[in-house]
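Based on the sequences and whatever the hints tell you, model everything.
Protein chains: 2
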Amino acid sequence: MSDRIEPRTLKGFRDFLPDAMVAREHVIDVARETYRSYGFSPIDTPALEYAEILLGKGGDESDKQLYRFDDNGGRDVALRFDLTVPLARFVARHVATLGTPFKRYHVGTVWRGENTQRGRYREFLQCDFDTIGTQSIVADIETVLVVHDLFAALGFERFTVRVNNRRLLNGALEKMGLADRSVAVLRTLDKLPRIGRDAVIEELAAAAGASAAEAFDLVALASLRGSFDDVLAESAGLVADSDLGETGHQELAELTAGVRAAGVAEERVVVDLSITRGLDYYTGTVLETFLDDLPGIGSVCSGGRYDDLASLYTTERLPGIGASLGVDRLLAAMEELGMGAPRAAAAEVLIVYFAPSLQEVYLRLATGLRRDGLTVEVYPEPKKLGSQLRYADRRGHRLAVIVGPDEAAHDTAQIKQLATGATETVAVRELAATCRRLLS
Amino acid sequence: MSDRIEPRTLKGFRDFLPDAMVAREHVIDVARETYRSYGFSPIDTPALEYAEILLGKGGDESDKQLYRFDDNGGRDVALRFDLTVPLARFVARHVATLGTPFKRYHVGTVWRGENTQRGRYREFLQCDFDTIGTQSIVADIETVLVVHDLFAALGFERFTVRVNNRRLLNGALEKMGLADRSVAVLRTLDKLPRIGRDAVIEELAAAAGASAAEAFDLVALASLRGSFDDVLAESAGLVADSDLGETGHQELAELTAGVRAAGVAEERVVVDLSITRGLDYYTGTVLETFLDDLPGIGSVCSGGRYDDLASLYTTERLPGIGASLGVDRLLAAMEELGMGAPRAAAAEVLIVYFAPSLQEVYLRLATGLRRDGLTVEVYPEPKKLGSQLRYADRRGHRLAVIVGPDEAAHDTAQIKQLATGATETVAVRELAATCRRLLS
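Residue numbers (this note's numbering), protein chains in the order written: chain A, 1 to 440; chain B, 1001 to 1440.
These are computed hints drawn from the structure, not numbers from a lab.
Careful: at least some of the hints might be erroneous.
[Said to hold, decoys possible] Chain B regions said to be covered by chain A (calculated; three or more residues, Cβ under 8 Å):
hint	stretch
1	1013-1022
2	1033-1045
3	1126-1136
4	1308-1314
5	1345-1359
[Unchecked claim] Beta-carbon label-pair distances, calculated as ranges:
hint	chain 1	residue 1	chain 2	residue 2	range
6	B	Ala1355	A	Tyr121	27 to 35 Å
7	B	Leu1418	A	Asp411	49 to 57 Å
8	B	Ala1433	A	Asp372	38 to 46 Å
9	B	Glu1006	A	Arg14	32 to 40 Å
10	B	Ser1440	A	Asp308	40 to 48 Å
11	B	Asp1293	A	Gly421	46 to 54 Å
12	A	Asp411	B	Glu1202	54 to 62 Å
13	B	Ala1433	A	Val183	45 to 53 Å
14	A	Leu337	B	Ala1096	54 to 62 Å
15	A	Leu418	B	Ala1261	25 to 33 Å
16	B	Asp1411	A	Arg437	40 to 48 Å
17	B	Glu1266	A	Glu430	46 to 54 Å
All figures in this text were calculated on a predicted structure; none of them were measured in a lab.
Virtual Cβ for every residue (Gly too), placed ideally from N, Cα, C.
This is the structure we're talking about:
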């Protein structure tokens, strides 16, 4: 019919079907549980804010590809493009109530009108945690431990959290007289794994005015990695006599010692002086997380320390540290690695609908199995058995419970294991226990 | 400073602080678990859709108070105002992949630019579930059972699910020759609890042209309530000889029999012929849920059966039934009834930071307690003990673990119960077990 509307979605926006959504809910559940185990509490903020809040006074809108419009009341509003700016606004508003240190996590959707050609989405989920109001290295150590525990809890065995310290890098730049060009230098060094050593040396000269010798030293510094002790020993000379650099070096040493004290395996958290994080607001510890079997997808969880979160909104100085989990990238990686969702989208048990006269029997059986903790779906109609079993196969139920007039007369039920086709008949009073045994 | 931005939110939009958010996450978790126990699977759809999709061809925008704007690509887009329209679009698009029956739940934020004077919010959370692609009464029965189980699992002891059937009402109207004015009649009857009997009789005459006798009969019908059997017996005469009415009567009888078969207490689900649901798209079973101790807040979970969900987007006829949980209204009610969140926002245990020399001891203790399943926060700095304990009181930690040089030398720890101030000293190897005992 010509006046039917095509059920399409906007470019860069996605529907989530049950299997994808079960996997997503699992990652969020694990993240929440890990964050809570360290004393982080959940918050939420509005999706829509005054554009002024999101952009700041001199904000560069083009960087953020804001969804911005005038609402029905003529207010200049926009959809949030990350969870960090709303966090700054939130803390500035509520800090007197919250007190510090304040540890929060936030699972929320954000929107950016980015170019979709590069496989980017315009709506995606972030899952951030931050510790605000303390400069203690303990917060840095716990940030790394949270990331470690999160990936371990998700079932990853081969992942690496790479840590560095911006003060160490900036101290080295200070010694070279390049401190005033640190943003350009750090942005260039950040490209080392992608564009390679020679291109970085060239760009350091062109963009930051480094001499050939300086560029060579910088690349050597950024290339240091390995065991904590080795990297710390080798990098000490590069920052000697720079207060800033020595502070950074000391922080990195404390960070690695703390992580080790908490019992993390050496290969899971390494010092990597090439990690600079392109954004210029980090001031101390920085971290990125890579999956060893999928290095090409880049960091799946990144963060760092900042000196002053909310200076746009309050005179109170709020240092802190946090990290952000890239849920969508992580889910894509888990699918590529064959790490399936731990639970299928369907209920465990399908009760087959054989005859309308037995409808109430099915409802009673389902109630009993649910009371025993099982997830149960009653097929709603008396379709052919084969059609109902095909439905169960497609959906992913693991057991079908079949009760026809014979079974009902004898208070029994047939259980069919859908993977093997094996069938057994049990007394109704043993149904829940048998289902549990077959599912375990 | 004059160029600081005030950290305000938009009118009708809210920040959620940790305690409110923990309560919200709890309600969502319980809802998800209940929906899953019946075989419903999660889906998600974009917050932003083509305005055409959300409004339909002849949509009445003023009813929906849409947040609508042109995006950067010039597309006419809007934020979703409910989860039902996106569900219809979703099912129309994916029905071939999904198959039917399709049982989904959807937890999502929706936006409506409503008048905030009446305590309404412009951003709120919905938590819907639907069974699509079947006309079986089993789906209606399970919808009522899900609502029942959900409120029971949330800890409500006194709530009532009120059920009715639009076919029964429409059959009665048919007999009175008022079938062509059924929408006006049902909308008026829906006001019975709010405006009372006399005002409804008056409005039935004025708005629907009912005679005084008809209006009287209609109000008598809508006033029928009580046990399943009584209401069904008394209403049978009102629909005798109307096919539609008898079908509705039969469906209501099957619904109540099914709910009873599943073991639900009589007082939890009642037939109430005044429940009509103002919206005109319901065609069969309708339901509303009231908290017996807070009747004034109205229904906290409502839904019903529809004949054709997605006719705007597909030629496939998709009947179904579903209901929507009003999360915000429910949370307000739970607070009013003193039903606290089951878990505070804070971790269970705070490890006090006594001396920097013991920092690694604290990290190790915390790791050990977390491995034992406890939630643990390490205070990040060596502040005064009193100040750290005040922090724990304010946050809601239940135990403080204190290790100074003496305790460290003897491999012991002090545990302080924050509610009572009681303190005991235990060996570190017994710390987790003792904490668990004190917390249980």
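Hints, verified against the model:
1. Counting residues of the stretch 1013-1022 of chain B whose beta carbon lies closer than 8 Å to any beta carbon of chain A gives 8, which meets the minimum of three for the stated coverage.
2. Given as covered by chain A, the stretch 1033-1045 of chain B passes the check, having 9 residues with a CB less than 8 Å from a CB of that chain where 3 are the minimum.
3. Against chain A, the stretch 1126-1136 of chain B contributes 3 residues with a C-beta closer than 8 Å to a partner C-beta. That satisfies the three-residue criterion, and the hint holds.
4. A stretch counts as covered by a chain when three or more of its residues have a beta carbon under 8 Å from one of that chain; for the stretch 1308-1314 of chain B and chain A the count is 4, and the coverage holds.
5. With a threshold of 8 Å between beta carbons, the proposed coverage of the stretch 1345-1359 of chain B by chain A holds, since 6 of its residues qualify and at least three are required.
6. Roughly 48 Å separates the CB atoms of Ala1355 (chain B) and Tyr121 (chain A), a value that falls outside the hinted 27 to 35 Å.
7. Distance hint check for Leu1418 (chain B) and Asp411 (chain A): the Cβ-Cβ separation is about 54 Å, which falls inside the suggested range of 49 to 57 Å.
8. For Ala1433 (chain B) paired with Asp372 (chain A), a C-beta distance near 30 Å fails the hint of 38 to 46 Å.
9. Against the hinted window of 32 to 40 Å, the Cβ-Cβ separation of Glu1006 (chain B) and Arg14 (chain A) comes to about 35 Å, which satisfies the hint.
10. Between Ser1440 (chain B) and Asp308 (chain A) the beta carbon distance is about 43 Å. The supplied range of 40 to 48 Å therefore holds.
11. Here the CB-CB span from Asp1293 (chain B) to Gly421 (chain A) is close to 52 Å, well matched to the stated 46 to 54 Å.
12. Separated by about 57 Å at the C-beta atoms, Asp411 (chain A) and Glu1202 (chain B) satisfy the suggested range of 54 to 62 Å.
13. Distance hint check for Ala1433 (chain B) and Val183 (chain A): the Cβ-Cβ separation is about 52 Å, which falls inside the suggested range of 45 to 53 Å.
14. Take Leu337 (chain A) and Ala1096 (chain B): their Cβ atoms lie about 29 Å apart, and the range 54 to 62 Å is violated.
15. For Leu418 (chain A) paired with Ala1261 (chain B), a C-beta distance near 26 Å keeps the hint of 25 to 33 Å intact.
16. Between Asp1411 (chain B) and Arg437 (chain A) the Cβ separation comes to about 44 Å, which falls inside the hinted range of 40 to 48 Å.
17. Our hint of 46 to 54 Å for Glu1266 (chain B) and Glu430 (chain A) is violated, since their Cβ atoms are close to 30 Å apart.
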